[in-house]
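Given the structure of chain A, go ahead and fit chain B onto it with the hints provided.
One line per chain: the protein sequences are A and B, in this order. The first sequence begins at 1 in the UniProt record's numbering and counts up one residue at a time. The second sequence begins at 1 in the UniProt record's numbering and counts up one residue at a time.
Just so you know, the hints here were simulated from the structure itself, not pulled from any lab data. Don't take every hint at face value.
Computed Cβ-Cβ distance ranges for the label pairs, DEER-style [as the list claims (entries may be wrong)]:
1) LEU272(A) / GLN301(B): 46 to 54 Å
2) GLU122(A) / GLN301(B): 24 to 32 Å
3) ALA24(A) / GLN301(B): 27 to 35 Å
4) GLN6(A) / ARG70(B): 23 to 31 Å
5) ARG197(B) / ALA111(A): 51 to 59 Å
6) ARG70(B) / CYS115(A): 31 to 39 Å
7) GLY267(A) / GLU202(B): 39 to 47 Å
Just some of the chain A residues that point at chain B, by a computed CB distance under 10 Å [to be verified]:
8) GLU97
9) GLY261
10) GLY285
11) GLY287
Treat the numbers as computed from the prediction; the structure is a model and nothing was measured. The beta carbon of each residue, even a glycine, is placed where N, CA and C say it ideally should be.
Listed below are the residues making up each chain.
2 protein chains.
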Amino acid sequence: MMLPAQVRIVEMGPRDGLQNEAVAVPVAVKLDLIDALAEAGLRSIEVGSFVSPRWVPQMAGTAEVLAGLRRRPGVAYSVLVPNLTGLEAAMAAGAREVAVFGAASESFSRANINCSVAESLERFAPVVARALAAGLRVRGYVSCVLGCPYEGEVAPEAVRRVAVALAGMGCHEVSLGDTIGTGTPLKARRMVEAVARDVPVERLALHFHDTYGQALANILACLELGVAVVDSAVAGLGGCPYAKGAAGNVATEDVVYMLDGMGVATGVDLRLLADAGNLITRELGRGPASRVARALLAGGQLPGKA
Amino acid sequence: MMLPAQVRIVEMGPRDGLQNEAVAVPVAVKLDLIDALAEAGLRSIEVGSFVSPRWVPQMAGTAEVLAGLRRRPGVAYSVLVPNLTGLEAAMAAGAREVAVFGAASESFSRANINCSVAESLERFAPVVARALAAGLRVRGYVSCVLGCPYEGEVAPEAVRRVAVALAGMGCHEVSLGDTIGTGTPLKARRMVEAVARDVPVERLALHFHDTYGQALANILACLELGVAVVDSAVAGLGGCPYAKGAAGNVATEDVVYMLDGMGVATGVDLRLLADAGNLITRELGRGPASRVARALLAGGQLPGKA
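For reference, chain A alone in the conformation it holds in the complex (with noise of 0.2 Å):
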């Protein structure tokens, strides 16, 4: 098995799973949280969003999140940024990374921001060129990248097309999203196959949903491909907007275990980890998602490394 010998992992819970909790928490708590993600090890975290929060309410104060980071050499904290608006907001409270995203669905992007694919991309490139004259690092997302809630299976062709496009507005990395998490891994391996045809593996990023259970498989088959990055929330933050009630992220601490357990470095703290996502759940009134940490709290055991 080829597999690489660190992996990247980029933290999603204070904002793609925050956004989908039922409960808005306070920024105080979210700071927190943070801060306890970064001293489990974590180099990436998004930490917030710049969509309205007449829209997304979970995300309002993301400029006071930024604004309260207790900031840590080596640690980059990036924000979504939806247009030039939330660009300039972005920078104004201090914002040094921000993402833009694309769907490789076109009733997808219809439904979730009102255009066509194209016309999204059209609209992200000048906020991408203004962000990297700013000399910001800029991030690319790619949803429905293995389903879409309208159209059902996606071609990997149109998933290659929008992550080309961000590629080449100057986005550093392109982060590829199963958002329904519908995806199965051998369809994971030929749709990043196919993205990778003209966007180097060392740009992409796995970000799978586990609404299925599957995200894990999905990492496993294309770390294969040589993919070294990898989205995933603590506890398993967030959910399904188009299943109540089912799962989000791809819990963090399950992927940890795997790549642990594997000899794949990722510089991250499990127990701590696994704390970060205690104080989160506590605060949102329920248990993790993640398998892991309810194995952990179950009084389960961590086994020796590879």
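Relative to the frame of chain A, chain B by itself:
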């Protein structure tokens, strides 16, 4: 990715699942569950265990289960037998396929059945011989193949020895059990590779628990070695006696979903399977542990097959 064209699922719900549930399920409900599983297309179902009901009250009534089976052509209904007494009772009740078990860990064997691994194999040899002489098929289980609740890591060599012994006695198949679910894909693969040096992969089955969320990834890693039999439990029935509240057997729905998505034939209808899971989780008064089942209950969709 090299994958088998088809995989046989051995359904563990009525035995390994229910024996680890807090609620003891009446025989009539077990019979309904077993029939619903057969209706969904499962062709190998473990329906109970002839252990003492003093030790495992959930398995009381297995003789009545065997007697009451609405047997369908082509479906194998097996029972676990711990000793000659259990075998005789199983045969008296009409069992045509039985299963015996050994542990790859000395401490686990001592704690579980109060004898050494070698002694347990000596005790099982006449059980297997008697069953074979009576024309029954015998399956062998090895537990703790990727970790022991008392010893931690387990050497692949220890697994190989027990598997070889069970195969040598005449077990037609040896099922490799990650009893506490601590395994990860690379270790799972190395373990199977060690065993397959002496027992052909065609005679091996994967029996992985999902306590740490790793089961599907571990299965995927081992399917690539050519193993084509997977044990699982509908709805993820069961739990981990060594981490109360944690997940148990990998859910049959999640396994079938992954295999469907990769174009690997199982003969199982996922909708009917989820119905079987709903039947038993209603009886248990809780939701399914299967992520696929939960997504479907939440209104999630099933993608087309590969």
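Next on the checklist: Please check whether GLY287(A) passes as an interface residue: C-beta within 10 Å of a C-beta belonging to chain B.
Outcome noted: Where the cut-off is 10 Å and the nearest Cβ of chain B is about 9 Å from GLY287(A), the hint holds.
Next on the checklist: Next item in the hint list is GLU97(A). Is there a CB on chain B closer than 10 Å to its CB?
Outcome noted: violated, 29 Å
Checklist entry - Taking the CB of GLN6(A) and the CB of ARG70(B), does the distance hold inside 23 to 31 Å? => result Violated, at about 54 Å.
Next on the checklist: Taking 39 to 47 Å as the stated bounds, is the beta-carbon spacing between GLY267(A) and GLU202(B) within them?
Outcome noted: holds, 41 Å
Checklist entry - If you check the beta carbons of LEU272(A) and GLN301(B), does the distance land in 46 to 54 Å? => result The hinted range 46 to 54 Å is violated for LEU272(A) and GLN301(B), with Cβ atoms some 37 Å apart.
Item to check | Interface restraint verdict for GLY285(A) against chain B (beta-carbon cut-off 10 Å) | outcome: Hint on GLY285(A): violated, closest Cβ of chain B at ~17 Å, above 10 Å.
Next on the checklist: 24 to 32 Å was suggested as the range; check whether the CB atoms of GLU122(A) and GLN301(B) agree with it.
Outcome noted: Given a distance of about 31 Å, which is inside 24 to 32 Å, the answer is holds.
Checklist entry - Minimum Cβ distance from GLY261(A) to chain B below 10 Å? => result At about 3 Å, which falls below the 10 Å cut-off, the nearest Cβ of chain B leaves the hint on GLY261(A) intact, so it holds.
Item to check | Assessment of proposed distance window 31 to 39 Å (beta carbons of ARG70(B), CYS115(A)) | outcome: violated, 57 Å
Next on the checklist: Quick check on a hinted range of 27 to 35 Å for ALA24(A) and GLN301(B), using CB atoms only.
Outcome noted: For GLN301(B) against ALA24(A), whose Cβ atoms are near 28 Å apart, the range 27 to 35 Å holds.
Checklist entry - Honestly, do ARG197(B) and ALA111(A) meet the 51 to 59 Å range at C-beta? => result holds, 54 Å
In the structure shown, a violation is registered for the earlier hints numbered 1, 4, 6, 8, 10, in ascending order.
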